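Student: Fit chain A to the given chain G structure using the hints.
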Amino acid sequence: MTTPLESAEPAVAQAAGSSGSTGEDRPAGRGTLRYVASKAGGAVLSIAMVIVGTFFVFRLLPGDPVRNLAQGRRMTPEQLDLERRRLGLDKPMLEQFFDFVGQTLRFDLGTSYEYKRPVLDLIGERIGATLLLTGTGLVIAVSLGIWQGTRAGWRHGSRFDRVSTGVSLLLWSVPTFWLGLLLMMTFGVGIGPIPGILPFRGIESVDAPDGFGYLLDVAAHMALPCLTLVAVVYAQYLLVMRSSLLEEVSQDYVNVARAKGLRDDEVRRRHAVPNALLPTVTLVFMRIGFIVGGAVTVEYIFTWPGLGQLFYEAIKVPDFTLMQGTFMLITMSVIIMNTLADVVYHVLDPRVRSA
Amino acid sequence: MRKWFARLAVLGVALLVAGQGQVALAQEPGAGKKVLRVGATQAVDSMNPFLAVRIVSTQVHRWMYGFLTVPDSKTLQPSPDLAESWTASDDGLTWTFKIRQTNWSDGKPVTAEDAAWTFNKIMTDDAAKTANGPAVENFESVTANGQDLVIKLKAPQASMLDNPIPIMPKHAWEGVTDLANFDGDKYPSVSSGPYIATEHKKDQYIKLKANPSYWRGAPKIDELQVIFYDNPQAAIAGLKKGDIDLIGRLNPPEFEAMKGDPNIEQWDTQGRRAAYLQINHGATTTDNKPVGDGHPALKDVKVRQALHHAIDKQKLVDEVWGGLARPADGSIVPPMFKDFFWEATGDTKVTHDVAKANQILDDAGYKKGSDGVRTMPDGKRKLEFRFTIHTDTPIEDKLAEYLAGFFKEIGITLTTVKLDSSKFSDETGVAATFDIAISGWSVNPDPEEILATHLCSRRPTPAGEGGGTESFYCDPTFEKLYQEQLKELDRTKRAGIIKQMLERLYTDAPVIAIYYPNNLEGYRKDRVTAITPIPEEKGLLYGGSSYWPFYTVDVAASSTGGSGGTDGGGSNTGLIAGVVGGVVVLGLAAFLLTRRRRSAADDRE
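If you read the protein sequences in the order shown, they are chains G and A. Under the UniProt record's numbering, the letters of the first sequence match residues 1 to 355, in that order. Under the UniProt record's numbering, the letters of the second sequence match residues 1 to 605, in that order.
Careful: at least some of the hints might be erroneous.
Said to hold, decoys possible - Each computed DSS-like pair below joins lysine-lysine, with the alpha-carbon atoms no more than 27 angstroms apart: (1) A:K108 / A:K98; (2) G:K316 / A:K423; (3) A:K201 / G:K316.
As the list claims (entries may be wrong) - The following residues of chain G were derived to be distant from chain A, with all beta-carbon distances above 12 angstroms: (4) A37; (5) G41; (6) V44; (7) V50; (8) Q79; (9) G157; (10) L170; (11) V189; (12) L246; (13) V256; (14) T297; (15) P318; (16) L329; (17) I335.
To be verified - Short derived list, chain A residues pointing at chain G, Cβ under 7 angstroms: (18) D45; (19) S46; (20) L51; (21) D125; (22) D126; (23) K129; (24) G133; (25) Y205; (26) Q225; (27) A237; (28) K240; (29) D261.
To be clear, the hints were calculated from the coordinates, so they are not data collected in a lab. Here the structure is a predicted model, which means the values were calculated and not measured. Built from N, CA and C at the ideal position, the CB exists for glycine as well.
This is chain G alone, in the form it adopts within the complex (with noise of 0.2 angstroms):
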């Protein structure tokens, strides 16, 4: 969980050799430009290997497509050609790979074996739930994580502190699934005179009501699966922001602030918190290209009808063009939500673009 400073290297780097930026004054000058255009192009070219990896990968997975396809019922030598055929299995590997790669530029990422719909439209119809679940969950457990950890951080060694960390790390070694199912029984089928009142099961009821009712039967569905969420991701917020604060609060400008006399509250918010920020807007920005491939555990879960229990299907088939559809799909989305990372880091820090 620490890559996020990692990946901000590079971007130090390059900066420190780039000229003629003059900080703040300049936000988007020509250095800023080719900076964007180089990190542009490494993503380019990595998703470019994706594409050329993907096609690779999952044919050296073992097992033969077409048998799979059978799952133990009989076919007929015929049958078995036929599907051959119709999934192009039947090609010379080179032919099958170019046609795999103009098919991925034609954003075409071919049939899903189970389903026998075009993976892109099976994507379509999961990767709405999933960024409402994962988005949502990401606002709340970045808010709480940033928020305490600024508090635990200022107050560093007070009890607030050590409780807030504790617990924090305690919900984040917790297994997703453990914490999931104790949440399901005790808010969703109720404990002893405690009744269930969450649902735990899909994005909405059976007999959703319409209008307003049905944002609320939504919001209703999204408590556990969402609660599952924050509680087991917010700790690597919390504990980067608290780092980071921390480090910000023995610097001398702070120091400075307080000996001029600034209230305490206002050298924390107008001070201390922006450029502790910094490294917590990086790990967010990661983190945005994960939540695309959603949570698989939580999604398992709670059956939210998501991109990860589509790639939970996938596997358990195994549906090759499936998984290799969401596979793409996922991975582009970390290398540009990266990319952006990195240039965001690059607006945000005058010091790196200035130094």
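Tutor: Coordinates of chain A only, in the frame set by chain G:
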């Protein structure tokens, strides 16, 4: 910190109050409607019956569409469904089915033309072959004449009456040009079975309403819902909470988890499955060339029989399955199918007898070495076998442990090899790179398919194409009997031949049946007021591959039941839960904001 606790406490009270309120307010708009909610832990692959292969999908299609015949609810013998009656010519090559005078759910009459179109479609359209291609492989031609459907066969086929193909409405489906990419998701469906699908949200739920013009009469309930869960734990939690009313296809741990709940009836019956060990007794391809790397000792039928004697099946049932299975003394057709079930008795019966197993191996020249492990008579190779199981099936791990223990007692070492399902089917079904492997099938009322997995023609082709073999068996006696039973249209006589085939498998031991796992299901006693299993005497509910239980089912009207079910429940319950959920999410955000302000204020003071 105290403020934290206070807030948590307030939240807890709010949840409690909301919960109580919910029970009081659970008045639903559709009150009086009878809805049965069935939990499923497998996702539907397609709603197009030409493409769908998963059990859950074919099950739903059995509720929606009529078939030529359906297993009788008492005897499991083929009985009239869309075909009222049928005759076969003396040579067994021409079958005439009289199609029932009834209507599709859109009011159009059901004719033999619909059935002929369905079969011809599968025979001629490659995409339509996907699900049930082999079922029409032996069809020469299918024609319709009024209500008469005439099927001409290439060769006699006694299992004709167990045809697995749903009859589709020609007028609604003939316009589909690209069948391979058609998901069949047009609702309401045009059906002739007891239910009409009205809504389907992928991996979420399917809604089916009772078909008022069903030829047997409309089902007793108004709506049947299939509700999907990704994981079985959540499904059991859903049953306990009352979100669903019935669930089938459970594993022992989930089944045990229902224990002690006063509202839940645990439904434990004999199952459709047989579990057996497939043994690599010298695998060959269809041109009789050896393939794979099976242990040579297993080619010796004596070794296979010794293994059989060493297995304590009762112990496996008790300790691996927690008693929720029945030991197998014979056939790979489970006892549920009384007509075809065969059990070894007297001298043929292989009993658990370690001394005898050791004796057989001693006599055959497999001598024990100083380490207690036997070697081949030529002294070259030790009797060390691999046991191939699936990675994701804990119960097979347990089985492997017990088998290793049993075989150790007769001087044979067993090591476990775990493979994921695709590699498993490759190594044990085509490449033959295994010694012993776990296997098991769900058997249909007509056992022909399960027997056919032991035919010579099912071995892989020289090119390495899998044909669906069980342990690469190829035996002239078995082949001859198989051909005989195909021609025998007299059920009793045919059953006699099939039993001989089962006996041949038992004595020759290319496979060793070990147990028949029970069919484990559960339902809410407070909701399901009546349900007839298939077969009627303590049979299956969900897992019965028949619409019978879901046709006969009756449930309490939803206003009296559904205690707090938010999923199948009414909009009020959903609304309240929604409010609570919203409050939790919003509350957290608001809480953070106020905390922030307050802490700033604290600092100012």
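Student: All hints are to be evaluated individually against the structure, with a verdict given for each.
Tutor: Hint check:
no.: 1; hint: A:K108 / A:K98; result: holds (18 angstroms)
no.: 2; hint: G:K316 / A:K423; result: holds (13 angstroms)
no.: 3; hint: A:K201 / G:K316; result: holds (20 angstroms)
no.: 4; hint: A37; result: holds (39 angstroms)
no.: 5; hint: G41; result: holds (38 angstroms)
no.: 6; hint: V44; result: holds (32 angstroms)
no.: 7; hint: V50; result: holds (23 angstroms)
no.: 8; hint: Q79; result: violated (5 angstroms)
no.: 9; hint: G157; result: holds (15 angstroms)
no.: 10; hint: L170; result: holds (16 angstroms)
no.: 11; hint: V189; result: violated (5 angstroms)
no.: 12; hint: L246; result: holds (18 angstroms)
no.: 13; hint: V256; result: holds (19 angstroms)
no.: 14; hint: T297; result: violated (10 angstroms)
no.: 15; hint: P318; result: violated (6 angstroms)
no.: 16; hint: L329; result: holds (18 angstroms)
no.: 17; hint: I335; result: holds (28 angstroms)
no.: 18; hint: D45; result: holds (5 angstroms)
no.: 19; hint: S46; result: holds (6 angstroms)
no.: 20; hint: L51; result: holds (6 angstroms)
no.: 21; hint: D125; result: violated (11 angstroms)
no.: 22; hint: D126; result: holds (5 angstroms)
no.: 23; hint: K129; result: holds (6 angstroms)
no.: 24; hint: G133; result: holds (5 angstroms)
no.: 25; hint: Y205; result: holds (5 angstroms)
no.: 26; hint: Q225; result: holds (6 angstroms)
no.: 27; hint: A237; result: holds (5 angstroms)
no.: 28; hint: K240; result: holds (6 angstroms)
no.: 29; hint: D261; result: violated (11 angstroms)
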